[in-house]
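K.L.:
Each chain is listed here by its residues.
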Amino acid sequence: MDLLFQNLVNALSLGGIYALLALGLALVFSIMGLINFAHGELMTITAYGLILGAGLGLPFGAAVILGVALAGLAAMAMERIAFRPVRGASAATLLLTSFAVSAVLQVLFQNLIAARPLPVAVPRALAGTLDLGGLRVGVLPLATILGTGILLAALALVLRRTRVGIAMRAAAIDFQMTRLVGIRADAVIAAAFGLSGLLAGIAAVFWVAQRGSVDPMMGFLPVLKAFIAVIVGGLGSLSGAVVGAFLLAFIEVGLRALLPPELLPYREALALALIILVLLVRPQGLFGRRETVR
Amino acid sequence: MTTALRTTTTTTAVALALAAGAAQAQETVTVGFAAGLTGYLAFYDGMVMQGAEMAVDEINAAGGVLDGRYTLALSVKDMRSETPAAVIAARDLVAEGVRALLVPCDVDPAIAAGQIGQQAGIPMIAACASTPTLPGLVGDYLFNLKTADNLQAAVLAEYARAQGYETAYILLSPDTPYTDLLPRYFAQAFESLGGRVAAIDTYAFDQQDFSVEATRIAALDPQPDVIMTAAYEPHFPAFIQQLRNAGVTAPVLGSDGIDSPTTLGIGPAADGVVFSMAGFPVEGGTLAAFYDAYEARYGEDLPFAFSATGYEAVKLLAAAIETAGSIEGAAIRDALDAVVDFPGVTGTTITYAGQNRVALRDVTLVEVRDGEQHFVLQARPAPETTPKP
Amino acid sequence: MLWAVLPAGFEGPLILMLVSMVAVVGIGIYSGNSGIVSFGHTALMALGAYASAMMTIAPDDKARLLPALPDAVIALHLPPVAAILGACAVVGVVALPVALLIGRLEGSSASIATLGLLLIVNGVLVGARDYTRGSQALFGLPIAVTVPVAAAFVVLAILAARAFRDSRMGLALRAARENAAAAAAVGADVVRARQAAFLLSAVIAALAGALYGHFIGVLTPRAFYFDLTFALLAILIVGGMTTIAGAALGAVLVSVLVEVLRRLADGGTFGPLTLPPVYGLTTIGLSLAILAVLYRRQGGLLPYVEPDEVLRPPARPAVPPPAPARIEAGSGELRAERLTRRFDGVIAVSEASLVLRPGEILGLIGPNGAGKSTLLSMIAGSVPPTSGRVRIDGADATGLPPHRIARRGVQRTFQNIRLFGNLSVLDNVRVAADGGPWSRAEATARAWALLDRFDLTALAARPAGTLAYGPQRRVEIARAVARAPRYLLLDEPAAGMNAAESDALLDLLEGLRRDDGIGLLVIDHDLRLILRLCDRVAVLGKGQVIAEGPPEAVSRDPLVIEAYLGRRHAGDGRGPARSAATSGAPGQKTTDQHERRRDP
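Protein chains in written order, with our numbering: chain A, 1 to 294; chain B, 295 to 683; chain C, 684 to 1283.
Hints listed in this document are in silico derivations from the structure and should not be mistaken for laboratory results. Worth double-checking, as some hints may not be accurate.
[Claimed, not checked] Distance windows between CB atoms, simulated:
| id | chain 1 | residue 1 | chain 2 | residue 2 | range |
| --- | --- | --- | --- | --- | --- |
| 1 | C | Ala835 | B | Ala587 | 39 to 45 Å |
| 2 | A | Gly61 | B | Ile494 | 39 to 45 Å |
| 3 | B | Thr643 | C | Ala835 | 51 to 57 Å |
Beta carbons: idealized from backbone N, C-alpha and C, even for Gly.
I would like the entire structure built from these sequences, with the hints used as guidance.
P.N.:
In structure tokens, the structure reads:
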């Protein structure tokens, strides 16, 4: 029972991180048809921001704000510099552009910051466990669940209630239409990138707190997972991305927790097989529209 | 921060030119290094390269080899931490006419480059790939120098039993020989010394979330006396962090893959971790002197044992050339294969004779406390404890 | 001193260039012809390499490294070249279901599916460690790829790719790349062509993978993952995905770039310059090359046309063009029976019935949004009717896909011209002629004959997208005729033409009816043209056929007048018609969406 509960916590905390990433990917995809593989480098930027903050003697909280803000700004800069020239091109062109951007950033990190992993010290407060009526829960997973949960709720509110949020959702459904009703495309796209950058930044804080180190290639793996989550959830659907992220996390954690030891080495292949099964039943993803926006 | 990496053959060439001016007409013996200067191997191969550079310069400053008939040079090709690029780099180096080859720190590219060197009959040293099966896989021209996995595992097991640990929990990854074999050697040695392996768990290389594994360990009743893994970064920092966050307090043993600044920099989670490495800079020892010279030359970077084994590799080659009296590949190979008690800079002697090209040497254990390494012991495992490769 | 390169040091990069050339030429068979970027071919390369490894690694080594393998596989020990070809065959079998599946997809979904293929194959190779050694290196492949061997396989790959490109399937696939709806409308079975292309390209990719394996000697799944995918796509993008020459040129340029950057990255002194080493310079260089091409020249350096096609003008074959017999009147009829189509609750066409016989010209008129194009699209198969039937010469054709309808003798043109813009005028017509019951050479001869007839001969080699409006319309009609249809559906053929062009068109259409005996259904707003041309006229109003008969009778019908001009004295005269028009296509869409809504 204890084990089950703790693995539930593990899955929720991993799913929360995936969800923040997947949401950022889906937001940008639904607005400009771009699957941004350079999304992971935004996480790396946040992680380096944490180290920079610590180096400047900032308290951890301030370093987090610095790191997340850097990711948001970097995302907007990325859009302005790299993606605007190819706006409106085919999904494959956009995807390739993002691969190239990702590769360039990785090399820049290697040359300008460090080729090897750098340690990120996490405050003692985040280590250790809490005792919840006999159930032991790590502080960090709990913080991750609370943090990502609050953020997802807040985001839902922003997307439903605020003007820019509604504009973004409208643009996600029909971008051309949104332009016609007088919303500036540049502003919506910039806002979407900025928001996706902030989400990636916050996800990175939780991710790095678990990981303890940052290296130039760090962002690739989580973004690959988020990409799978987005596909499972249905390309172009924001809620689908979140559901897909939690589904993926539950599959991963579930397989690792439940598989007998001799099958454990096959868990990645099994997880993929389960994902394929989902896609065979619903090729457009769980919440996908048959015809995507583009 | 990569400035330390940025010294290449050019500086060597300058030093070489200066040395050459003093002596009579000398020929150059080039040692090639197919090194991962970018990618995940950059940290390890970069330090091996620097250590090798220091040895080359030192030997040339002392007049070269074979009575000053030859000076040494180091030619480095970046294989970008990619196995195919390692093959090309090795071929380029062979085409350049290198007389010896250093292979990359990871086993796969080491095998790939090794096959090229083996075909060309060029003696090779793996200065930091520590898989003891490597020389057997590649052939009779490849020598392991770093503390072999089975030696490390045996010393760790002896230490664990000496501490009174009865049960061990083992985390391995089948994705590399190092992360797979070293823990298995440990399990073998630990059991041969009367310990019991509580469980063997696995992780995958594209996994950075260790919450499930940590939870599983935390739920064990009774708790294991010790946890052993050969995971290195980025997995080790993530694992230790999440292990401690799950409330597990059992001591953790690691291996030389975590001899890196990250282990020292992640904070309290790494406190108490004991791991094996090639040597420790005890006050007044040869390694301390080497590290001083290294810091003086390359600046701020903390030295790690990989630089020392890079240095040892070139020194060993030079010694083998002297013994052989020749720069021919087969002669150097035979000389290497007969080495007995070569004094290594890491504070141990190195023996190849009768070891199937896997260096027999001491293993050092250190403990992490407050972001620093503290010497625990230096030992050569008992032959009967040492698992066969 | 690093600059002083030895020729011997070039052998490795040269072989690697040739192997990557095989790979990109192979990928181009699928991606270039279909226009779909594939991320999955590196996975097929991996399969080829591993398959060849299973056949070449010495049995002793296999038994040691992979004891779980079946004894029969362990015992296999073929010479490398035989194993490479064997690996191609194995991958061909494995890739068949994949090809059938991915071939059904188009556009971005296909790209994403190929990305999925990459992830899955990698996951399986890593997971099945008892058979592949998982993430660990599988080694012991004999190193057998020399420059001549690699060069020979490059020639083989290029010949295969060129044969496919020039084949009926290749041409059809290229046409579909330019315009999928039009390719279907001329009867091209694009799905099958795409499946065949994927399969062939999978085999060539496997060849490249096996060559790679026997060059490197060591395999890991990681070697066939994103880095290699990215490098190969860089080659394709830079050179131009749509031509074989582009792929080959890309391989040369990128390899040279990588070599130069590799040397620069090591730093050193070049004449007066001393450069510091920059790690990852090759990656940056490749990425910037990709970005530059994507920003400046999306088709790559050699897009769409092979160099020899530029140098050598298209030739007329020696065979005479086949002359299909004139279609006899009374030999059948095309019937639309009570066709109805609803879009999201809005009725676009309601119970419309029409009959078209060979040798007659039927006009279909009606106000904007009356449902004319929807009715035509239902007959042509691109919009499935909600209810009602389509019969071609008595046989039920309801719900058949457009290419099957086209194969039954019904061809169409589009309201917004849909040509294969980057194909030559000749190829535009040839795609359609390819489907006829005659040889390839005869099809080409027929295409030439049609160009002569439609006054397009001088423009034969021009990309169709560069023509003026009038000639574009003529190309579209020539294309629709090329397969010798019995019925031809023309959606506003004279729209946008000046009076002289329009008159010439009238003569051509007259000729099709008179000389070929084709039955023509013509939609147009130009009442003068309709009245002059048509034997009968049907009028569509709000989705229903409100009148049908000889032109002069219909033009006097009060219902027709009302439908066209609205109720007199009713203020906003065209109110009803307008509302029907807008309900079909709310708001302004991009051109593409606009077309999609209007024309399916």
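K.L.:
Now, for every hint given, state plainly whether the structure supports it.
P.N.:
Comparing the hints with the structure gives:
1. Distance hint check for C:Ala835 and B:Ala587: the Cβ-Cβ separation is about 54 Å, which falls outside the suggested range of 39 to 45 Å.
2. A hinted range of 39 to 45 Å for the beta carbons of A:Gly61 and B:Ile494 is consistent with their spacing of about 40 Å.
3. In this structure the hint that B:Thr643 and C:Ala835 lie 51 to 57 Å apart at CB holds, the actual value being about 54 Å.
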